[in-house]
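So you can see what is in the structure, the chains are spelled out below.
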Amino acid sequence: MSKPKPKIRKEAVPTLKQDPRERIRNFNEVSFGYSEAQAVAEAERCIQCPKPQCIQGCPVGVNIPAFIKEIKERNFDEAIRIVKEKNSLPAICGRVCPQETQCQKFCVLGKVGEPMAIGRLERFVSDYELQRGVTVPLRPKSPTGAKVAVVGSGPAGLTAAADLAKLGHDVVMFEALHAPGGVLMYGIPEFRLPKRIVQAEVDYIKKLGVDAKTDQMIGRLYTIDELLERGFDAVFIGTGAGLPRFMGIPGENLCGIYSANEFLIRVNLMKAYMFPEYDTPIRVGKKVAVIGGGNSAMDSARSALRLGADQVRIIYRRSREEMPTRLEEVENAEEEGIEFQFLTNPRKFIGNERGWVKAIECIRMQLGEPDESGRRRPIPIKGSEAVVDADMVIMAIGNMPNPVIQQTTESLETTKWGTIVIDEETGKTTKEGVYAGGDIVSGVATVISAMGAGRKAARAINEYLMKKKKRLTQHNKI
Amino acid sequence: MYEIVMKRELVPHINLFELSAKEIAAKAKPGQFIILRVDEHGERIPLTIAGVSVEKGTITVVCHEVGKTTRKLGKLEEKDRLLDLLGPLGKPAEIRKFGTVLCVGGGVMVPPLHFQAKAFHEAGNRVIGVIGARTENQLLFQKEMREVCDELHVATDDGTKGQKGLDFLEGLLKERKINRAIATGPIVTLRMVSELTRPYDIPTIVNLIPIMVDGMGMCGACRVTVGGRTMFACVDGPDFDGHQVDFGELMTRLKMYAPQEKLAFVFHEKGELNA
Numbered sequence: 521m522s523k524p525k526p527k528i529r530k531e532a533v534p535t536l537k538q539d540p541r542e543r544i545r546n547f548n549e550v551s552f553g554y555s556e557a558q559a560v561a562e563a564e565r566c567i568q569c570p571k572p573q574c575i576q577g578c579p580v581g582v583n584i585p586a587f588i589k590e591i592k593e594r595n596f597d598e599a600i601r602i603v604k605e606k607n608s609l610p611a612i613c614g615r616v617c618p619q620e621t622q623c624q625k626f627c628v629l630g631k632v633g634e635p636m637a638i639g640r641l642e643r644f645v646s647d648y649e650l651q652r653g654v655t656v657p658l659r660p661k662s663p664t665g666a667k668v669a670v671v672g673s674g675p676a677g678l679t680a681a682a683d684l685a686k687l688g689h690d691v692v693m694f695e696a697l698h699a700p701g702g703v704l705m706y707g708i709p710e711f712r713l714p715k716r717i718v719q720a721e722v723d724y725i726k727k728l729g730v731d732a733k734t735d736q737m738i739g740r741l742y743t744i745d746e747l748l749e750r751g752f753d754a755v756f757i758g759t760g761a762g763l764p765r766f767m768g769i770p771g772e773n774l775c776g777i778y779s780a781n782e783f784l785i786r787v788n789l790m791k792a793y794m795f796p797e798y799d800t801p802i803r804v805g806k807k808v809a810v811i812g813g814g815n816s817a818m819d820s821a822r823s824a825l826r827l828g829a830d831q832v833r834i835i836y837r838r839s840r841e842e843m844p845t846r847l848e849e850v851e852n853a854e855e856e857g858i859e860f861q862f863l864t865n866p867r868k869f870i871g872n873e874r875g876w877v878k879a880i881e882c883i884r885m886q887l888g889e890p891d892e893s894g895r896r897r898p899i900p901i902k903g904s905e906a907v908v909d910a911d912m913v914i915m916a917i918g919n920m921p922n923p924v925i926q927q928t929t930e931s932l933e934t935t936k937w938g939t940i941v942i943d944e945e946t947g948k949t950t951k952e953g954v955y956a957g958g959d960i961v962s963g964v965a966t967v968i969s970a971m972g973a974g975r976k977a978a979r980a981i982n983e984y985l986m987k988k989k990k991r992l993t994q995h996n997k998i
Numbered sequence: 122m123y124e125i126v127m128k129r130e131l132v133p134h135i136n137l138f139e140l141s142a143k144e145i146a147a148k149a150k151p152g153q154f155i156i157l158r159v160d161e162h163g164e165r166i167p168l169t170i171a172g173v174s175v176e177k178g179t180i181t182v183v184c185h186e187v188g189k190t191t192r193k194l195g196k197l198e199e200k201d202r203l204l205d206l207l208g209p210l211g212k213p214a215e216i217r218k219f220g221t222v223l224c225v226g227g228g229v230m231v232p233p234l235h236f237q238a239k240a241f242h243e244a245g246n247r248v249i250g251v252i253g254a255r256t257e258n259q260l261l262f263q264k265e266m267r268e269v270c271d272e273l274h275v276a277t278d279d280g281t282k283g284q285k286g287l288d289f290l291e292g293l294l295k296e297r298k299i300n301r302a303i304a305t306g307p308i309v310t311l312r313m314v315s316e317l318t319r320p321y322d323i324p325t326i327v328n329l330i331p332i333m334v335d336g337m338g339m340c341g342a343c344r345v346t347v348g349g350r351t352m353f354a355c356v357d358g359p360d361f362d363g364h365q366v367d368f369g370e371l372m373t374r375l376k377m378y379a380p381q382e383k384l385a386f387v388f389h390e391k392g393e394l395n396a
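Taken in sequence, the protein lines are chains V and U. Quick note: the first sequence uses the numbering used here, first residue 521, plus one each step. Quick note: the second sequence uses the numbering used here, first residue 122, plus one each step.
For reference, chain V alone in the conformation it holds in the complex (with noise of 0.2 Å):
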């Protein structure tokens, strides 16, 4: 007689979240991860697909069922091995992928209840293994002599320069902050990604034998042209898309308006949520408006209200189903109390006698047919102008490329967007030697598909660089 076929359980296992009364008085991390039981139980939930269809959904193709399978047999070592094969930083994707929109959206288990939590395993060996000290793979022991300039340390760069380093090249990654990580630093509060992770990760690629030069901004203290010229052989470009969108309406400028940018790197660069112990000041109203719909608007939305905000309303001119944000963190904040207005764009900004900010004249949307985005075109409902008190507003509405690097390049083809022409494949530009990848290619877009590109990119570089290098050795035989 045949076994009968184990129970599989529908839910995931829960993870335990700091209490939401408490969080919002605080900026330490919202979710505790899982435990190594909790882990274990949740793995074992993974039926092991002979054919797995999560793996098509990750951007840098971790092989999933692997790794799940060796946090099954408590073997957390192997699991994270097999997890680094493909993904630099997992302790961050971990934490702010969107999986239900990647890996796990293609788990069969999802079919029948939820589906595996892939995240939440990532980010519990990933913790694992940060916590018992990391093991830094050797480097190769013939360095290729080969030197790469990567330009900017967000998830692109760093993902790219850990690729090169690892092939035995010998990298410089530049970044213009005072400290490495990009969007991950400045942008991504400390409740949902901890600095000493960002930290530990930067840490681990510098370890690889990674360079990273801080206040360094390329275009302004040496540009691309100036980096080939240095005996940089390539170069990448991963600048992401750092310009704060404004909407262009009447009173943007008032003051208590804020790009979420701005507030983000004030709060989480600067740390000014310990003013006046950091000199770095903020000013957080009572009423506090975030226009848009996104994971920046999520930040800091919830931000605002571990500030003192009395009330926080997100104003989102579409509806709950096209928020482009991770699930996780609409819920979160939702708990926290955080107010939703969808369907509803602001028209003008009304300011006091001083100069500030007090209200918001709003519009009234509706949707219509899908745009290009694919999502449905929101659509202003004529005579439906009301008016929002708000003392602070901070525009998420995103951003756009950096200019900069463009304008001091010659040869770099870009689009009318500003961002920069690849080949898809390769991402090679149309300038010798110099690949891009990331927000400065594709617009906003998410910290693991700006890993994806990089990797991308760091192979396509590598073989440019050992095809020149057999072009060189062949030319000096003759």
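Hints listed in this document are in silico derivations from the structure and should not be mistaken for laboratory results. Note that CB positions come from ideal geometry on N, CA and C, so glycine has one too.
Dumping the calculated DSS-like pairs for lysine-lysine here, alpha-carbon to alpha-carbon at most 25 Å: (1) U:Lys376 with V:Lys868; (2) U:Lys196 with V:Lys791; (3) V:Lys807 with U:Lys376; (4) V:Lys989 with V:Lys948; (5) U:Lys391 with V:Lys791; (6) V:Lys878 with U:Lys376; (7) V:Lys733 with U:Lys200; (8) U:Lys383 with V:Lys878; (9) V:Lys733 with U:Lys148; (10) U:Lys150 with U:Lys128; (11) V:Lys733 with U:Lys212.
One side of the interface only, derived from the structure: several residues of chain V facing chain U at Cβ under 7 Å: (12) Arg740; (13) Leu741; (14) Pro764; (15) Pro796.
Could you slot chain U onto chain V? The hints should help.
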């Protein structure tokens, strides 16, 4: 770490620093600025570059102690090091031969004006310098300006030295054929110069340093309305057409953190006293 190789007190609470920054010195042009951080808790503060020495590998900045971070900077001595120094930032000033260039600067922005005036002089322009301060003993860089200007006018708010206020510019503009005007300094000075040159259609460039955080285009704190459009002073400027700038808005935005700045400063000074 970036060493202070030379410090000179110009007047009480206004210091000139020569900072060791070889790479920045090789690249910096008049009109550009740097951002520095004194220590881990410090703000990122923008300072306009007041000169470079490529040979020595240094850049010069002048800082007025107006708040906590600038006070901490003012307390540093030669051989001390800054935690962070980023630059050059912003677009360089447009320096070429225009003919006669009027360079007007006030207060702590006179040394950066000198960096520009010198470059205009070297580009073959006739340079008319106007420098101002609140009162006589606050005037900076008179000697240095005299060396690069074909004529130099001095003005003080209280009339203790030279002209009283900038009203005399009216006459100067009437008498001379001026091809370009440059203004650095407090917003009131920039606005006044721009208003005075407007009837004469003299292209007038103002160098703006609004509140900034990153200084590289990311935060938008430095946004300023120019000709009805929002620009970022850090990447679109810091030089703008003075006839197009909304100075009123800029002035309001500059005061945005005044209460917090004062609070931090008072706490800091109190701490110093108790220490």
